[in-house]
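*Asks:* Chains as they are written, first to last, in numbering that gives the first Met the number 0: chain Y, 0 to 202; chain F, 0 to 308; chain W, 0 to 814.
Just so you know, the hints here were simulated from the structure itself, not pulled from any lab data.
One or more hints might be untrue.
BS3-like, lysine-lysine: derived pairs with alpha carbons at most 27 angstroms apart [as the list claims (entries may be wrong)]:
#1 F:K118 to Y:K177
#2 F:K110 to Y:K51
#3 F:K104 to Y:K188
#4 W:K57 to F:K202
#5 F:K102 to Y:K59
#6 F:K37 to Y:K166
#7 Y:K51 to F:K37
#8 Y:K185 to F:K125
#9 Y:K46 to F:K107
#10 F:K37 to Y:K188
#11 Y:K59 to F:K110
#12 Y:K165 to F:K37
#13 F:K186 to Y:K51
#14 Y:K51 to W:K395
#15 Y:K194 to F:K202
#16 W:K347 to F:K102
#17 W:K396 to Y:K59
#18 F:K131 to Y:K177
#19 W:K395 to F:K186
#20 Y:K59 to F:K101
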Amino acid sequence: MSKTQSNPRERPSETAKKGLRAKSGEETAEISATAPIRAQEFDPHFKHEVSKTHGGEKLKQCFQCGTCTSDCPIARFSDSYRPRTLIRMTLLGLKDRVLTSETLWLCAACFTCTDRCPQDVEVASVIRILRNTAVEKGYMPQIFKELGSSILETGVAYRIPDLRLKKRAQIGLPPLPKGNPEAMTKLAKATGFSKLLKRGEQA
Amino acid sequence: MTAPEKNAKTTPKPTRFLLFLGCAIPYRVSSYEISTRKVLQQLGIELVEMPEYNCCGLPIDPVNHSMTLTLAARNLCLAEQQGLSIIALCPGCAGTLRKVNKKLKENKELKEEINGYLKATGLEFKGTIEAKHVLQLLVEDVGLEKIKASVKTPLTRLKVSEHAGCHVTRPADSVDFENPEDPQALKDLVEATGAEYVEYVDKLACCGAPIAGVNDRIPLQLTKEKLTHIRNAGAHAMVTVCPFCHMMFDTNQPRIERLFNETLRIPVLHYPQLLGLAMGFSPEELALKALRVDATQIVSRISGKEDAS
Amino acid sequence: MTEEKPRIGVFVCHCGLNIAGVIDVKDLTDYARSLPDVFFAKDNRYTCADPGQDEIRKAIKENKLNRVVVAACSPRMHEPTFRKTCAEADLNPFFFEMANIREFSSWCHPSTPEEATEKAKEIVRMAVAKARLLQPLKEIEVPVTNKALVIGGGIAGINSALDLAEMGFKVYLLEKTESIGGHMAQLDKTFPTLDCSICIEGPKMVDVGRHSNIEIISYADLISVSGYVGNFKVKIKKKPRYIIADNCTGCGECRDVCPIEYPNEWDVNMGVRKAISVPFEQAVPLVYSINLDHCIECYKCVDSCGARQAINFDQEPEEIELDVGAIIVATGFDIYMPYDDPLYGYGKYDNVITALEFERLILAAGPTGGKVIRASDGKKPHSVAFIQCVGSRNLKKYEYCSGFCCMYALKNAILLKEKYKEDVEVYVLYMDMRTPFKGYEEFYRRARDLGVTFIRGRASHIIEDSQTKNLNIRAEDMTLGQPIELPAEMVVLCTAAVPKTDAGDLARILSISRDANGFFMESHPKLKPIDTPVDGIFVAGACQAPKDIPYSVSQGSGAAARAATILSKDKWKIEPIVAEVTPELCRNTRVKCGICADRCPYGSIEAIENQPAKVVTAMCHGCGTCVAECPADAIIQKHFTDEQIFAQIEEALKKNPEGKILGLLCNWCCYAGADLAGTSRFEYPPLIRPIRVMCSGRVDRDFVLEAFRRGAGMVMIGACHLPYDCHYISGNLRMKARMDALAPMLEKLGLSPHRFRVEYVSAAEGLKYAELMKEMAEKLDELGPEKIKAENAKLKPILDRMLAKKRPQKAQSSK
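Same shape as in the complex, but just chain Y (with noise of 0.2 angstroms):
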């Protein structure tokens, strides 16, 4: 295995801040998680928005337990992660803190909080939710934009080297099933990915 292929998922951090910006001037810049809460911040509708999407819910059931949080791996290494902060931002309508929060790129989708949260809150479907608004805000990490492309052109998410596909054949491997990039332009048309993803490129 070549240590220098270039492997989307190991690529540092700071790609990842690069993309997380929006359209320049479009929206305000990344709140602190810390800062003091303003009054113009609240969007108290926003509970409403995100508990009526697929996932969403169980939203307002949450009764601040921590559970999530305790019992999420990634916040047991994190200074920052926290999964139940985002959920209070989200129930206190603090829209805008939350949607740029660099934090929301680094839940795992493990779904242990789904799983354990005593209220039902599907924690982790939650914040997809989030995700997916705050790319249609602009705001999305590079390394989606790199999948995104890679399944677009090639149908799956790595574009695999022809070394590979050659290797596959000489150690008896059936060939790889073909992917259809007409069927996945098609089907993000539909969906209205292209133009997230495209919105993406441009930010």
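Assemble chains F and W onto chain Y, guided by the hints.
*Replies:* Here is chains F and W on its own, set in the frame of chain Y:
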């Protein structure tokens, strides 16, 4: 005897499945594919190649949930055309396909929405097949008894830990396999090889792989902690059933050792490799060489060439 | 029954200007007089005042009136008044009917006086139509057995038994285990006073044992209960103790010689007891038992007992029968044992225990002599963490708050601190600290003052160090917003209080219901918290929901007082508005039906195979659900018969039916909500013609069909909110199931969906009712009379056919 009871007793378990390779396995983890093919063939499972497929959709779920659902549904549609259920080696793929399959079967509105997107490609989700992870196939369709019977060299001298990966069982509601807080499948499968199963602290914790593109430090720390616990628990080796977990534990292990100044040297096998060894396949047949952490020591331990002190 | 021709008197009330200010009272009175069978009509300023009532009494006598209609306010206001007035004039009070023209017309339609008068006329006409068909009813009386059964000898049951006995009633106190005392006898100290639990409960237990009016039936199970209020027949099975109770002096010499020990369940299996023993020293009755599962039959006990001859190895279970007039259920709760939660490691980690086990550890008379020690090494822990809400407030386990765990955790924390001072660090991990009653918040401060550390955050997961057997608790410290790993040498799980495992069996035996969590259901959550839906059966203590000691004691006494309202009488009166089966019509004689018995919220109907169903009148609450459910129309609800309601529907829809809404409103919620809309003077369009039923469960499909057959623009059923507001437990749910099936059928037949509706309006939702009326009027307007007429014309032949079996007799009854 009522009709359904009769059916349950007489219908044989299916033995033909479509193999869903996903993105990561052909990209870097062929050893998992090679060993799985070997082992399943021996156990009488016929794997049919998919004529065409695409990414399961999970990697871009943070960008657009609808696209994820649609990508997964498209794979399910392609399988429906073949009339075969899907076996995925990657728990991320398996979990996503299972979840979407279940949700679309249960939620008519959602099904209509996704079918609306799929229309452009002439496909329609009907909900006629199942999707499973290979681990679930092994315990549910092959069965532990058959696996035990296939073992030629019980690995009695080996102490083995495991990390099954979150998506094999989580989120419990949609994956609908076994209790994620007290999983038994991989434990039973390790014990079926004759190896001694080793428990360790925080066994159920995630390896962190999914955020590796956004943050490197945390996944490495997580994996390091788990490896340390496994080493302290006295395991000779560990097994995984996920290409991403495997990259964290195996591919990244030397990096972890350097970064944290630790000596770990824990061979990380794909479970089918461990079972394959017990079945009598050679290390070459199982592509053991492709592992980053050298596994020759455990091969000699199994064959009794090395003193097991 | 009187079959004399109806002679109806109508009295129209001005209510000062409350009615007369809007409605043309003279015109209305003249109109009433013109109605068939009306022999007398008069208006007066205040009908409810003495002169008004005099006038009614006089008119009854002078004009030989045999039916009276008062057109005034809501029957919920003055129906009892005028029933009494009638009775005083020797007219059966159930020959009275009220036309609600104030709340339902003058008050809610003040700006359209002509339409209000028109509506009032129709309301009066509906009332007259019903009055014409009224039947005299007599109050029913049953005899009362002046004895009580109390089930469960915990602190609630003990108080019930003592209070009833002190009032002079004979009480049977049934206890499942060998001794009364319940959970309280297992506890060390009690909050917030730190009294020793058994020191305060023990004397009460002794009082019970000694009281001449109380008979303790311990180590016995309830087998069956039949009968009804005042007259219950109870079967009890006594388990064999292998000891003749009368001969046992409780000296304990047998125990001293017994060689066999086994884990004592009463000690949460932490201590042991002998194969012949009592579970604890203070047991009442102090009668020994032999556990044959452990006894090796060495007969040493027989020898030591000697001449007393109290031991009998041949003892058999014994069944006894009792007659009682009232029953108090005080069966208490169980403690959730979290074996099924791998995250806390209970049963796997030695030093993780439940709070009840902790009580036995710290209790001086407990198995360790009051030393708090670890199971792993017998050493005293230097840090103890209490984890709250284990199983409680968790949708995956028990949704509710167990109520007293915060307080007992505080108590245990304080006891530890007082006992070991700075030698032990005490932590409480909690989500919300709940200390609402007298002296409780002060107790919380005392714990803080003693140095107990409170961590706000739910403990999500415990990890054991395999070497030291110490524990690491994972939580988020919410106040810091950081995940923490808290080290502790012992963890105490404050687990949920859950329904007794046999609560379901008991509910079946007693025909009482259980709530969603499995606790016994009270008759009304606010106003009848001790009653059950079955008259004569009451609940007390934690079998109804988790409760602490003072609350259980109060409820025990409360239940005794409630039971005494029955026991203190020789005869018990029952409302005559009940259901009655016409045996000839009942299908159960021919086919296996029993639908009525199945749907009755009170289990008051018996449907024995091949026999006509029978309503046990004393158990019937008169909701009428069975009447609506009966497929053969074989059941009648007195005072709310099909005939009467059909007559009201006919009158309501005589003129311009497509412009009207026919309302079928339940007495307790929607009718009361409509009253409130009037009282609040919320104005709405005068389109509804309301018919009162006691419960929406009474609303037969045929009522809806008949209304549409007669051309109604809309039909609305007004019910109590789902799921629990119904005053007859589940009448609204039954109605909903019925109408959920009817609605799609009507739509299929071409009825626009908005024309038939089921609405839930509470007694407090006057505004909602008024808004609803406005919205429905708009819809009616949108649809337009032509469309409605066309739909109805299409429906009519089908409905004619469907209602054919009911038609003939109904048609005759109108003029």
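*Asks:* Does each hint hold? Answer for all of them.
*Replies:* Here's how the hints hold up against the structure:
no.	hint	in the structure
1	F:K118 to Y:K177	holds, 20 angstroms
2	F:K110 to Y:K51	holds, 17 angstroms
3	F:K104 to Y:K188	holds, 24 angstroms
4	W:K57 to F:K202	violated, 90 angstroms
5	F:K102 to Y:K59	holds, 22 angstroms
6	F:K37 to Y:K166	holds, 18 angstroms
7	Y:K51 to F:K37	violated, 47 angstroms
8	Y:K185 to F:K125	holds, 20 angstroms
9	Y:K46 to F:K107	holds, 25 angstroms
10	F:K37 to Y:K188	violated, 40 angstroms
11	Y:K59 to F:K110	holds, 26 angstroms
12	Y:K165 to F:K37	holds, 20 angstroms
13	F:K186 to Y:K51	violated, 40 angstroms
14	Y:K51 to W:K395	holds, 23 angstroms
15	Y:K194 to F:K202	violated, 41 angstroms
16	W:K347 to F:K102	violated, 36 angstroms
17	W:K396 to Y:K59	holds, 19 angstroms
18	F:K131 to Y:K177	holds, 22 angstroms
19	W:K395 to F:K186	holds, 25 angstroms
20	Y:K59 to F:K101	holds, 25 angstroms
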